[in-house]
Each structure stands twice: as C-alpha cells, then as structure tokens.
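2 protein chains.
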Amino acid sequence: MDPMQPTSPKPGSPQPGLMMDFPLTVQHVLRRMEGIWGGKKVVTLIDPDTGGCAERSFGEVVARAGQLAHALQRLGVRPGDRVGSLAWNNVQHLEVYLAVMSMGAVLHTMNLRLHGDQLAYTIDHAEDVVVLVESSLAGQFAAVLPDVESVREVIVIDDLSRSAPELPSALDYETLLKREDANFDWPLFDERSAAALCYTSGTTGDPKGVLYSHRSIILHALAMSGADVYGITSRDRVLALVPLFHAMGWGLPFVCGLVGSDIVMPGRHLKPGPLARVIEGQRTTWSAGVPTLWLDLLQYMDAAADEGRSHDLSSLKTILCGGTAVAESLITEYKTRFDADVIEGWGMTEIFPGATVDRESMNSAQTGESMRRKTAGRMSPLYELRLVDVDGAVLPNDGVAVGDVEVRGPSVASGYFKSDAATAAAIHDGWLRTGDVGTVDSTGHLRITDRAKDVIKSGGEWISSQDLEVELLAHPAVREAAVIGVADQRWGERPLAFVVLGAPATEPELREFLVDRVARWWVPERFEIVDQIPRTTTGKFDKKILRRQFEARP
Amino acid sequence: MDPMQPTSPKPGSPQPGLMMDFPLTVQHVLRRMEGIWGGKKVVTLIDPDTGGCAERSFGEVVARAGQLAHALQRLGVRPGDRVGSLAWNNVQHLEVYLAVMSMGAVLHTMNLRLHGDQLAYTIDHAEDVVVLVESSLAGQFAAVLPDVESVREVIVIDDLSRSAPELPSALDYETLLKREDANFDWPLFDERSAAALCYTSGTTGDPKGVLYSHRSIILHALAMSGADVYGITSRDRVLALVPLFHAMGWGLPFVCGLVGSDIVMPGRHLKPGPLARVIEGQRTTWSAGVPTLWLDLLQYMDAAADEGRSHDLSSLKTILCGGTAVAESLITEYKTRFDADVIEGWGMTEIFPGATVDRESMNSAQTGESMRRKTAGRMSPLYELRLVDVDGAVLPNDGVAVGDVEVRGPSVASGYFKSDAATAAAIHDGWLRTGDVGTVDSTGHLRITDRAKDVIKSGGEWISSQDLEVELLAHPAVREAAVIGVADQRWGERPLAFVVLGAPATEPELREFLVDRVARWWVPERFEIVDQIPRTTTGKFDKKILRRQFEARP
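Residue numbers (our numbering), protein chains in the order written: chain A, 64 to 617; chain B, 64 to 617.
The set of hints was computed from the structure by calculation and includes no laboratory data.
In this text, all values refer to a predicted model and were calculated from it rather than measured experimentally.
Think of the CB as a built atom: it goes at the ideal place given N, C-alpha and C, for glycine as much as any other residue.
Treat the hints with care, as some may be off.
One side of the interface only, derived from the structure: several residues of chain A facing chain B at Cβ under 8 angstroms [unchecked claim]:
(1) G80
(2) L81
(3) A258
(4) R441
(5) P444
(6) E447
Extracted from the complex, chain A is given alone in its bound form (with noise of 0.2 angstroms):
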C-alpha cells in the first residue's frame, strides 16, 4: 500500500487514504528541538549546597547528539544495535537519548538500583555493544564488566572531561563529542523500529526486556501533551526527577522536545534541601516523581521553617504522582501551602506512564469536595482498559465489578524481548494484564484496588491492601503505611499493616481511626510500628521482603 500513489477505488474493500507515509520518530522531536525551540534549555543541577546549575541550550544539545552519532558510528554501532546508558538525569543523558534513538540503534537504559548480578544479566540479554557510564557510576559498572561478553567500549560522561579510574580503558565522552561534526545525515527507518529497551524488576525471575518502538514513543508523548494529561506548554520548566532510566523518564525528554518546555535535570541529588533550591532558583513549574520525594521536602520546608529558613516555591503549578497510592493529605498540603495541583497518575514499565491520569483530585482540592472515591485517573487517550476475572470472561465497567485490569494501546507492549514464556504469560486476547486488579467505572475511572499478588482473601472476601493503606495515610501522624496479608487459621489471611509514624500514635488510636473509614472485618488486628518500610528499585513498597520478613519471624 503506497499512500504516495492515488489508487483507483475498489469496492467492497479499504483503500488507502492519500496522505503522507511521514514515520512518527524520534528524528522529529530533534529536528523540533532544532528549528524552532534551539534557545530551549536544559539545565543540570551541579552543586546540590547552592541550586548551581549548568545550561545547555536544546539547539546545542541536538548539536552535541549529531557528534555523539557520528563517534558511536566510528565505534562501529550500527541500526539496531543496542547502546547502554547507566547514568541519572542530566544533560548527556538526553544527548545519549536523543542521539543512539535518531541513528536507528536502540538505547539500552540501565536502572542504577539493580543489584550487580541483575545489571550484568541485563546487559548480556540486550547485548550492548556499547556502554555510557556516569562516572559517578563507574566503580558500580566496573564491578560487573568482566562479567558480561558483549560490551566492546565503554565511554564514561563527565562533567571534568576526566575518565573514571575504575575503568581505566574507557573512552572520555567529551573526548569524543570534540573530534566530530554536528551535522549528521539521520537515516529514514520505519516508525515501528525499536527505539529503547528498559527491564521491568519483576518481583519473581529474570528482569524483562520492554522494547518501545519510535511510534510507540511519540504516540505516547503526543496523548501526554493534551491539555487534561500532563498538560504541559512552552511556558513551562520542568523538573525532571523521575529517572530517565524508568520508562522513558515518563516521556518527558520527548514531551519536553514536542512542545518547548525547559527541562531541569537534578542530576543524583534527589534529596530535599537540593530539589528546594533548585525550584526555588530555576522557577520550575511542572514535575513529575514517586510521592515519597514530595513528602520529604514538605518535612524538609517544615524543618527548615523551624530553623527560620524558606524557600519560595511558589513556582510549582503542577507535580504528577505515580508509582504508589498518594496521600490525600499530600494533594491538600501542597496546594493550600504552594497553589500546586497534585495529580495523580498510573503506568507501568511495559504501558508508559500516564495510560490513566487524574485530575479529578485536584478539582476536588479546588473545590473542597471530599476526595474518598480517588481514583488512579481516567483512561488517557490511545488507552483503553478492561476487567477480565479468574476465567478471562470480561466484566462490565461499571465501577463495581472488581477484576484483573487489561490494557491495549498502540504504546502497550505486545511481549517481552527475547522471551516467548514471558511474552505468552502477559498477553491476553490481544491485551496485556497489567497484575493489577481493580475496577473501572463507566466514565473510564480506574481504581486499583491491589497489585494482583498482594491481594488479600479473608473469610471468602478481598480486603483491598491499597485502600487500607490509603485510609492509614490519612491519618495526620502517620508517614507510611504498607499492608500485607499473613495466613490466618480462621480466615485463610488477615490484614498486617507496617506503619511509620512521624508524630506518635498508638496502635488503637490507628484502629479507631480505621473503625470509622473502612468496613469493621476489613481492620487489621495487627500493627508493625517500623522505622522504614524495604522499598523496590523502582521505589515502590517491597512487600515481598515484608512477607519474607514475617514468615522469617520464630
């Protein structure tokens, strides 16, 4: 079918329409960052005491990609091969996005929180050929290289154009870039060609591969730009804190590319005290991160408030949550103290980010409506949902029918790279389950009301774990909560909630407090009042070490 080719009609079959085969790549978003956003910027967080920071501006950076091309083409890395980052947010790494993505190889984002075997696993499975390292990284890196066969050069990326002694044969970034010419000729290549490839930490077996393609990727990024999604504009700054090496940093290199908006990267410093300067120096209007970061700093204003220092944040307009239920004391802290809207979104590694997004929650802030039937979002668009139950038969969307969520989209993933078993276990009927169970309501609200593995079963009945822990948090002293069920002779499982405090409370004030927001039988007769709660690499509860911890007890 060549739309370039006015065909005559046949009947009782489609033609093709006549408009152009333009591929949906990630060469657009370059040559947007290019021609009409180059005095764009993105700025890198350097000196986490002071909020300095470095900039570059976007038409600098496409420049820096088209050298960085041309030095990855010299080492002999060629379409389709792939090319590993291990770094966190920060300039280069966009310049590594943009670059091994427009010259048809697929970027390899290594997730720094894996442990050395997993990490040397993931290299061997998507076998890179080439290696980017943060020098910061390098001693991790350098631990697990002589582990893996397929890496033939590693360049380290370092802001004092020094390399990293821990890999004394590694190649220098900046050397590289120097030597090479910004123009690079971007070869044409089909939109459904792999752009990245990003290992999910599942909680059982070997990491999985999710292979986004380039139409996958700007499809993506296209639906998140709607006004009611992530709504961003040219006007804005974003503070990217949500790793680049987690599903694509949700989108936003390429969100930010499409529409003009700066890009402020806090390097490794995702503490507190630097994330307040640095909003509070670069203006920053928009961010994106796990709920725990945004906790921290409202503590940290707090302390600093006591100690008689402020920072203005009064910047901040939007900040998306996923990852984890959000505190509705969190949605209101923040927009009473900041007129920031905290909203909340859910994704996965293999859908994106974003594929629901609610903004529901942040009207009711508005307005002062109670905010107990918060929902994880509403389907964004190029998203559809569906329940199936035990046997696969659908259920109806009608916010009652509690069921397995389903999900199929033209930036879902249709399996696992390199792995059929895997590929044949997460695809049903032409969806994907996601392991997340909950309910969809007919204006396309999900709710979830548990991962599928942390379901609780007591008395024939489910306590959803993921209610229980938001009604925990709604109690003003408590911090986190994360619920588990342990086997119970009477009721098969019972409820066991861990819980850290930031002020004191008592275990019965915690279960009057449940008494009057859940169902009686769904209140937990057991409390853990711990210090910190084992969390993924991802950031997320680790309720699997929490389950292991409990059946480890005498």
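Fit chain B to the supplied structure of chain A, relying on the hints for placement.
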C-alpha cells in the same frame, strides 16, 4: 514485520519494537465517546429566535451511529465505498461522520456553498453511492441529482421525521434508524485506510479531492489536543461554528470525542443574533470559525446595547480564528470586553487546520505588547515547514527570506484523489506546496505575506497584500480590506485596496494612516470604498473576482 513476534536482532538493520499493532482509527474515538464520555452532550441549536436547543448524549450518538451503520450496510454500502453528506452542523451530521468512517466507508463531506455544476462534478468524481441530505438543502440537492450517475439512494435528515417533498423517492433517516440494532460489529482495518474525502474549491480548474486517512485524522486530533494548540479539556463546551464540510470541521468532532468536551452545533443559524443567544444559553467556552463571524458578533452586541439589550458572553475563553488574517482590534476587543483569547491558526484542506497556531498574540494581548509582528503561529507538533525559492532551492528559516511555503507531516496530503496531474503539481520532493508565500523564523513562526497567486510585484520588489490588509484593518473605521495587484506601466504592478468602512473615513486619511505603518512605496495610490467584498465558498476574499471586476472596467 509482525510486532507480535519477538524477533532476534539483526545487526546492521533496525528491528521492530515489541509494541501492540493498535490501528489509529476513528473507532478509538467512538469507543471513548461510548466508554468514558457517554454522558457528554451534543447540543444542536433548533430555534434561532430563542436559542432553544436539542440535546443528545455521546452515548446516544454512538448508539445511533451503530444503527446508521446497519442501515447503510443494508443499503449495500461496503468498506471503501463513498457516502456523501450535504448538511450543516448538527447532531445527525456527527452521527454520519462516526458511522460512515467507523464502518470503513469514506465520507464525502459536500460543500453546500458550491455551485450546482461543481457539486455534481464532485459527486460524480467521488462516485458517491449513498448521499445523506439535510431537508433544508433538499431543493439544492434535487437540482443536481438528475445530473449524477453513481447515487443509488438518498437519505433525508430531518428533525420532524418527514421526507423532503423535493426528493420524493428519498429514504427517511429516522425511519431507517428505528428498525436497526445499536450494536454494530465495527470491522478491523488498517489505519492508512481512507476515512473521508473533501474537495477544495480551487480558484482555477475542477475541485480537487483530498482523501483523508484514519491515521491522519487521529494524529491531527492528538496534535491539536495539546495544551499549547487547541487546548480543549473535558471541562470545555465547544461551539463548532466551522462547517463539518470544511476540512473535517477543523478536526473538532475528533478532538471533542477524544478529550470529552460537549459540542454545541449551530445548525444553519450562523447569524450573530442566534450565536449570541446560543453562547449565552449554553455557556460555551471554546469556539472556532472565520474572523468575519466574530466581527459580526461584536457589531451585533454594540447594536443590541444601543437598544438596551445585552447577552452574557462571559463564558467564552478561547476563540480560534483562521481562513484570513485577524485584525488586531478583534483580538483586543474580545480580550477587553469578554476576557476571551482570540488565537490565530493556519492550515488548509490539504493539511488540516492548526498546522500553525499563534498563542503569541494572545500573550501580547494579556501583556499589552504590540502585535505588529503578529504571525500565523508556530508549527504545531507533527507539522514541518520549509521555504523554497522559484527554482525549488530551500531557503533558511531565518525570518527574513521570503519563499513558497512547503509542508510535510502525517496529516498532510500526498496527492489528490484520482488526479495524477494535480498531484504532480502539488508535491515537490516529498513536500506539499501550500501556495502561500511568507517567512518562517528560527522559533518556527510562520508569517504569511501572500497567497502565491496574490503576490504583487512592484518595481522588481514584492509588496505583501496581506500585510497591507492587516495594517488597513488596524484603522478604526475599516471593517474589511482586500488588496490586489493591478497592472502599471511604470512599476509593473501597483496595489489597489478595496475597503469596507464601518465608520466615515476618506481615502487621504487611509493613505496617511498607512504611511506611518508600511514602507512608503507600498502605500496604494488607489482605494475603492465598497459595500462588500466578494467571497469564495469557504468565506475568503475572492480576489479573482476583484481582479476580473477591475479588468472589466471601461
């Protein structure tokens, strides 16, 4: 390339990503309208004197689209067949949109302002097998029906459920729907399949058909839903003034269906009185249409105020204008009186509207800055623009070089339906020649100086007729202005200005006014004060007629 199949990487060539092969078709909009936005409304103005409206929910509209698809299938309409519509903007026309495209047939939206012989030409050329006609247009259609061959059935749309006497053998829309089931098994087809056919009424030769694909429609709607583009949200109520037969109603049916905003349809009542009543009664927030309508509305409001009547138009937030240059006074008047932002867009049937959108003038109005450098807007996502000289050589996008504007993107026509000659003339090296002349600057802003055919060449230099028109419109007494080039023995050509006055002004006054605003040699020697300026079927000034009138003079 089957993205469902995990492939082993082939070094040296791009490999497909592993993402779902989800086609971008109008069916996705249909499913969102049904599954998420079922409670949203399509409102049709019924009584122009009172502003009385009829409402139908998105859910009902989708159900009726299902019934219509069954009826059309029963009448023998098969995928790929062309189905014509001749109607104003109302809920039934939207049902026709959704049904015809989602069943895989091709909707030919007829321009009801075409002369009879041109209308007959497009029906024959499109080979429409079924035509749906609004009863108020039955007479117009009955006059051409004897001259066309392909039409097997005519269906009359009428809210009163009676057939039109002018079309005695026509079927009745409501009767057909009543006996059909609402559930239609929409077929799966490629996103590049044709969805709609729209003829451009060129100033020379036969009308040319633009054959939109599903993909182009969905990508356009996604790009337009951006916060910096149309910026429509689910909280908006959109008044769709631009006809559904004009470049897919600027994509509004699809944008509103995707993002879930109510749609208000004015029917055939495009006069300022009914519009004021419907804006006031329906509290519409967003609208799109040609500037003339908005100018008329202002004058109506003034006249009404003189008579002691008023309408509350405070719900208006955004007005998208296109088709011709927008006077600065229109922007400031709407900002001052109604706090509404008038934003300007540029496009054409071949590329959809909104290829560029100007939010700078909006910002200028807010800040009080001069808009003397007002542009047609900045390239929207998925649109790429370049300039070429008379030899086809590419000129820089530096804001200085003036050239022929060419555009490319996935929502840009690659040719004309069944017309190799017109296609060959339109496509240059993979880009579409727009026929507009202007500059593009380094921030992606397009500034149109002329239609290529309207360019005035005087003493070897170009004079921009559009710049002269914009400057004349800045004069408080000037209501409309059209400038053409006329032959001049000494200079080759000289500008001649046709002006419609809204208040007294003399030729010397206008000349003096221009002297301060444009190069002295641009100032026309001749002005014609006229009662009205002839317009094309799409509402633009018809300079061909102006030139003919001038040449025909003794």
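Status of each hint after checking the structure:
1. G80: holds (3 angstroms)
2. L81: holds (4 angstroms)
3. A258: Since the shortest Cβ distance to chain B is 7 angstroms, the answer is holds.
4. R441: Since chain B brings a Cβ to about 7 angstroms from A:R441, closer than 8 angstroms, the hint holds.
5. P444: Since the shortest Cβ distance to chain B is 5 angstroms, the answer is holds.
6. E447: Since chain B brings a Cβ to about 7 angstroms from A:E447, closer than 8 angstroms, the hint holds.
Comparing the model with each earlier hint shows no violations; every hint is respected.
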